[in-house]
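*Asks:* So the chains spell out like this:
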Amino acid sequence: MKFSVNWLREFVDLPKNPEDIAELLTRAGIETKNIETRGANIDNVIVSQITASSRHPDADRLTVCEVDDGGGTKRQIVCGATNYKVGDKVPLALPGAKLPNGTEIRKSKLRGVESEGMLCSPIELGLGEDASGLLILSPDARVGAPIADLFPADTILDVEVTPNRADLLSHFGLAREIAALSGSSFRAERSEVEESRRKPQGKATGSLDYARDDGLVTIAATRECPFFSLRKIDNVKVGPSPQWLRAKIESVGVRSINNIVDISNFVMLELGQPTHAFDADKLNGGINVRLARDGEKFLALDRKTYSLNPDNCVIADQKRAVGIGGVMGGEETGVTDLTKNILLEAAYFLPASIRRTARALNLQSDASYRFERGVDPDTILRASQRAAELMGEIAGGTPAKEIHVAGELPADPADVSLSYEKCSRVIGIAIDPKTVDEILTRFGLRKTAGTNQSATWKIPSYRRDLQRDVDLIEEVLRSYGIDKIPGRTRGRFMPTSAADSSHDVETLFLRHRLTGSGLSEVRTSKLISRSAMASDKALELRNPLSEDHVALRPNLISGLLEVLERNIRVGAESVSIFEIGRAFIPPSGKEERHLGILLWGNVESAPNWRSQTRRSLDLFDLKSALKCVIPNLSFRPGQFPDFALAVDICSADERIGFGGQLVASKSSAPSPVLVAELNADRFLDRVASAKKFQELDRYPSITRDIAMIVPEKLTHVEILRAIQEPAEPLLESVQLFDLFEIGKGVTATASGKSLAYRLTYRAKNRTLTNEEVATVHAKIRERLKLELGATLRE
Amino acid sequence: MHPLEQLRDDALREIAAARDEKSLEGVRVEYLGKSGSISEWGERMKTLGKEERPVVGKLLNQARKAVTAALDQRAGKVRADKESDALASIDVSLPGTPHNTGSLHPLHQMHERGIQIFRRMGFALAEGPDIETEWYCFDALNTPPDHPARNEQDTFYLPDGRLLRTHTSTVQIRAMESAPPPIRVIASGAAYRRDELDATHSPQFHQIEGLYVDENVSVADLKGELEFFMRELFGADSEVQFRPHFFPFTEPSLEVYVRSKALKGGEQWIEVAGCGIVHPAVFEAVNKARGDNAYDPEKWSGYAFGLGMDRLAMILFEIPDIRLFSQNDLRFLKQFA
Numbered sequence: 001m002k003f004s005v006n007w008l009r010e011f012v013d014l015p016k017n018p019e020d021i022a023e024l025l026t027r028a029g030i031e032t033k034n035i036e037t038r039g040a041n042i043d044n045v046i047v048s049q050i051t052a053s054s055r056h057p058d059a060d061r062l063t064v065c066e067v068d069d070g071g072g073t074k075r076q077i078v079c080g081a082t083n084y085k086v087g088d089k090v091p092l093a094l095p096g097a098k099l100p101n102g103t104e105i106r107k108s109k110l111r112g113v114e115s116e117g118m119l120c121s122p123i124e125l126g127l128g129e130d131a132s133g134l135l136i137l138s139p140d141a142r143v144g145a146p147i148a149d150l151f152p153a154d155t156i157l158d159v160e161v162t163p164n165r166a167d168l169l170s171h172f173g174l175a176r177e178i179a180a181l182s183g184s185s186f187r188a189e190r191s192e193v194e195e196s197r198r199k200p201q202g203k204a205t206g207s208l209d210y211a212r213d214d215g216l217v218t219i220a221a222t223r224e225c226p227f228f229s230l231r232k233i234d235n236v237k238v239g240p241s242p243q244w245l246r247a248k249i250e251s252v253g254v255r256s257i258n259n260i261v262d263i264s265n266f267v268m269l270e271l272g273q274p275t276h277a278f279d280a281d282k283l284n285g286g287i288n289v290r291l292a293r294d295g296e297k298f299l300a301l302d303r304k305t306y307s308l309n310p311d312n313c314v315i316a317d318q319k320r321a322v323g324i325g326g327v328m329g330g331e332e333t334g335v336t337d338l339t340k341n342i343l344l345e346a347a348y349f350l351p352a353s354i355r356r357t358a359r360a361l362n363l364q365s366d367a368s369y370r371f372e373r374g375v376d377p378d379t380i381l382r383a384s385q386r387a388a389e390l391m392g393e394i395a396g397g398t399p400a401k402e403i404h405v406a407g408e409l410p411a412d413p414a415d416v417s418l419s420y421e422k423c424s425r426v427i428g429i430a431i432d433p434k435t436v437d438e439i440l441t442r443f444g445l446r447k448t449a450g451t452n453q454s455a456t457w458k459i460p461s462y463r464r465d466l467q468r469d470v471d472l473i474e475e476v477l478r479s480y481g482i483d484k485i486p487g488r489t490r491g492r493f494m495p496t497s498a499a500d501s502s503h504d505v506e507t508l509f510l511r512h513r514l515t516g517s518g519l520s521e522v523r524t525s526k527l528i529s530r531s532a533m534a535s536d537k538a539l540e541l542r543n544p545l546s547e548d549h550v551a552l553r554p555n556l557i558s559g560l561l562e563v564l565e566r567n568i569r570v571g572a573e574s575v576s577i578f579e580i581g582r583a584f585i586p587p588s589g590k591e592e593r594h595l596g597i598l599l600w601g602n603v604e605s606a607p608n609w610r611s612q613t614r615r616s617l618d619l620f621d622l623k624s625a626l627k628c629v630i631p632n633l634s635f636r637p638g639q640f641p642d643f644a645l646a647v648d649i650c651s652a653d654e655r656i657g658f659g660g661q662l663v664a665s666k667s668s669a670p671s672p673v674l675v676a677e678l679n680a681d682r683f684l685d686r687v688a689s690a691k692k693f694q695e696l697d698r699y700p701s702i703t704r705d706i707a708m709i710v711p712e713k714l715t716h717v718e719i720l721r722a723i724q725e726p727a728e729p730l731l732e733s734v735q736l737f738d739l740f741e742i743g744k745g746v747t748a749t750a751s752g753k754s755l756a757y758r759l760t761y762r763a764k765n766r767t768l769t770n771e772e773v774a775t776v777h778a779k780i781r782e783r784l785k786l787e788l789g790a791t792l793r794e
Numbered sequence: 001m002h003p004l005e006q007l008r009d010d011a012l013r014e015i016a017a018a019r020d021e022k023s024l025e026g027v028r029v030e031y032l033g034k035s036g037s038i039s040e041w042g043e044r045m046k047t048l049g050k051e052e053r054p055v056v057g058k059l060l061n062q063a064r065k066a067v068t069a070a071l072d073q074r075a076g077k078v079r080a081d082k083e084s085d086a087l088a089s090i091d092v093s094l095p096g097t098p099h100n101t102g103s104l105h106p107l108h109q110m111h112e113r114g115i116q117i118f119r120r121m122g123f124a125l126a127e128g129p130d131i132e133t134e135w136y137c138f139d140a141l142n143t144p145p146d147h148p149a150r151n152e153q154d155t156f157y158l159p160d161g162r163l164l165r166t167h168t169s170t171v172q173i174r175a176m177e178s179a180p181p182p183i184r185v186i187a188s189g190a191a192y193r194r195d196e197l198d199a200t201h202s203p204q205f206h207q208i209e210g211l212y213v214d215e216n217v218s219v220a221d222l223k224g225e226l227e228f229f230m231r232e233l234f235g236a237d238s239e240v241q242f243r244p245h246f247f248p249f250t251e252p253s254l255e256v257y258v259r260s261k262a263l264k265g266g267e268q269w270i271e272v273a274g275c276g277i278v279h280p281a282v283f284e285a286v287n288k289a290r291g292d293n294a295y296d297p298e299k300w301s302g303y304a305f306g307l308g309m310d311r312l313a314m315i316l317f318e319i320p321d322i323r324l325f326s327q328n329d330l331r332f333l334k335q336f337a
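Protein chains in written order, with my numbering: chain G, 1 to 794; chain E, 1 to 337.
With the rest of the complex left out, here is chain G (with noise of 0.2 Å):
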């Protein structure tokens, strides 16, 4: 919310410097976000009147003015604008004027016609953003007047206050907590200065009568509006605020509208209670506040047409619905030009039945905005008071000698009871009683009990917020500083979660060897567009806010199919990355780790002088990178859908994912991607196990190779099988070297392939002879003869 420092002021003694203002209040938890310079402190420019107006000779866009400037001669000016009238009051820079914007005013000649002047729009004299038109002044303005005597420099200090504080909503709250918070005193009633400057035009109120059910004011919604009151103002004349009012409420951002708007928007952000001006012409009968009709159709103010439902409450006259009870006024009751007289309501609605119309209708307004905080209860009768005084003073009408009112306010807030042993335990050192007292009254509490040990407090009507003990502690807090608190650290060990472990495991044995191998850790969202959900069953958002994010992910090879598509697109040549994170597997969005790989484009990143492999990377290239994380891995071939060659993964004979090559439709690459989804929960715990020692070899190994023919379909495993089984004490370790396959329609005979394997040969005790080694090797060669079927080369 804005506040106008002027306007504070009124009711505080401040800081002179508005910087000040702004850390006293941020420090206290009330955040200025920006500090704002306003008024036209501009010399030489001043109200004048235009008196005549005609079209230049000699420019279709230009009028020539004839202007009143308050000291007996008439001014000729030249202006682009056409939103005046003759006889509008508006700003004049004379000859000599600086404007903000640091254009000097000269008299001139514009296409061949003198103009002594510029009249202002209002973003020319830094009044605003409006650069449509003339800035339009008061009817009431004095010609000859400086400018800076209409607006007087003034700082808007924009203020973010939170949920909690409905109390600061209103320039008299936010006085009131300045003045709790530097000791200065407040000033309840408004200063003497301000009200010397307003002309009394209207009667004096005397004493307020209260009128009960009279019938012109039922409360049938009692738990959504406890609380309504109506006044009659009559004779009223609406028409143009006066300067003052208009030049406050615009300072803060409201727009000027016409004189009874205004003064509940001026009362509004004075005191902080909303309040709304009805035609009272345009009622059909008494006031009932009920529930809304299902399907009940109302105009509201800003033209729009809500279909409305017994969740919402509204004002109704005998006929319909006049107003959404402190969201909006209806459009057809409303103040008009012609209206006559008024009925002035003010009330108090529950602030959780306000919210969810406001939500549910999406509609938000300066009062609903207040009444779903909160409004303090004590402030409604003051506020329609003020407001009906003002309507009498500036709008000439004549309010009702009563108020008619149904309902009961709300009941003042519980009292509150402080234990100051637990006011310095909760902050940490210890506060003195006498120091807690004099901040809680500060702050408005009253001690109505309370011994050496602890107090009961009665808290204001306007502080609702104010509940527990922990809510008196922040207010002592906050007002003693928390700088002057001394940090302290002490701490506690815990022993290692499941999280922990859980933790480290993924980083050490997962990221850091994934890119140890050369992989780069992506993290892709966890929502999917609609357009990634097509392709996959996922979980959907009930309430997406966009198409980009409708779903939420089944897996991670979509997101890692996306980030390859970008970086194609940017020039890449090769991508190998991996991501670890939570997917979601539907239908009830089960939560599982997930490990994610996708590798595309050449073993080498780029071309380099050392190399000349320009291989691209395939599927053994995702088993190397998976086998460096996951013990005891085995492909064995599977079928899914857009692959076009699938494995399923397993490690220890559990199939904890699936991987291969993509089919190339599902990518633009032009090489074989390869891709691999495992459930790292499933093998995790395996990788983490803890190692043994084994002794190093003491004695020297002799190594053997085989060279053999075999038949396509044969696979390695087979062959390695037929070499490792029976098993053969001294074959340490068998190594494939060299595979190629025999080009088919050579020869018929030669069909199939070559494959070389070095078996290495080792004792544990003794250094082995040749002989021995013979033996074996032999062995392993007949059976593979044998078995397989194997043409051995020599």
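Just so you know, these hints were derived from the structure itself, not from any lab.
Note that the structure is a prediction, hence the values are computed from the model and not measured.
Watch out, some of these pointers could steer you wrong.
Each pair of labels, with its calculated beta carbon distance range [to be verified]:
id, chain 1, residue 1, chain 2, residue 2, range
1, E, Asn293, G, Thr489, 26 to 34 Å
2, G, Asp281, E, Arg323, 55 to 63 Å
3, E, Asp146, G, Val505, 37 to 45 Å
4, G, Asn602, E, His201, 34 to 42 Å
5, E, Tyr157, G, Arg686, 36 to 44 Å
Backbone N, C-alpha and C define an ideal beta-carbon position, used for all residues, glycine too.
Dock chain E against chain G, hints included.
*Replies:* Chain E alone, transformed into the frame defined by chain G:
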């Protein structure tokens, strides 16, 4: 001078002049070979008289030793020269053999920095799901229906009424439900807000949440420990300021501001965290769920805090656009390798 001494000096001169192994071998054969001029003196000695023989023998020995040593030394030098001559043509400014290096995501690195510091401060990790119920996200956190801070408009809902957590504070409730006090945990993870994606907003963002419940935990503890954390994270020069604020689940509530060279050059106070003393209503909600009075608000107190990690990473790494995190352009990621 004895002729042997003359031969020795000649040999040494020739050795010193030799430029390669071949000429060295020539010198060796010439002087020390079977019929080399020094070797010949071995035969000649037999013809000498008894008195002369030992003198010549000694000279012969010395000559052999000196020449052999000189040959070895020179040979070593010639070989070394040859080796370095062979490599002299190598351009040492050529780039090293390329190696594909991976990188960790900058957001992960940011989380990891925070986690490491908190763990040194004795915090254990805790976890909770991204999909939550209204109870964990709002009700248990003292934000009943119709509370102005319960912003359903800004919350993503699932068709079954569950929602995506709007903050990681949900983990506070889960941690307290599963263990009695004392408790000292942090949680790191994603949270969601119904925002359009632009340079500074993202519907998915990331937080580190913390909770410490013990006897007599006070504002002073919260202040001291978060000050410590901030100086660890942003540097010892960091100034830390606490300003009152409002959160439904803490009372008093505070916002933490830091001014440090690491943050935009230290020109301004930057808001880095929200925190406060756990609201007794939160303990009461946890007790209700637990069915006991383990978190008796009169006996235990606690502090809680939350840090927005995307924003911190953006400020610390000077990243101008939050979308860079989810776009994963490798040119961006590799900058943080």
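*Asks:* The structure should be examined with respect to each hint, and the outcome stated for every one.
*Replies:* These are the hints, each one checked on the structure:
1. E:Asn293 / G:Thr489: 26 to 34 Å: holds, 29 Å
2. G:Asp281 / E:Arg323: 55 to 63 Å: holds, 57 Å
3. E:Asp146 / G:Val505: 37 to 45 Å: About 44 Å separates the Cβ atoms of Asp146 of chain E and Val505 of chain G, which means 37 to 45 Å holds.
4. G:Asn602 / E:His201: 34 to 42 Å: holds, 37 Å
5. E:Tyr157 / G:Arg686: 36 to 44 Å: For Arg686 of chain G against Tyr157 of chain E, whose Cβ atoms are near 38 Å apart, the range 36 to 44 Å holds.
The earlier numbered hints are all upheld by this structure, with none contradicted.
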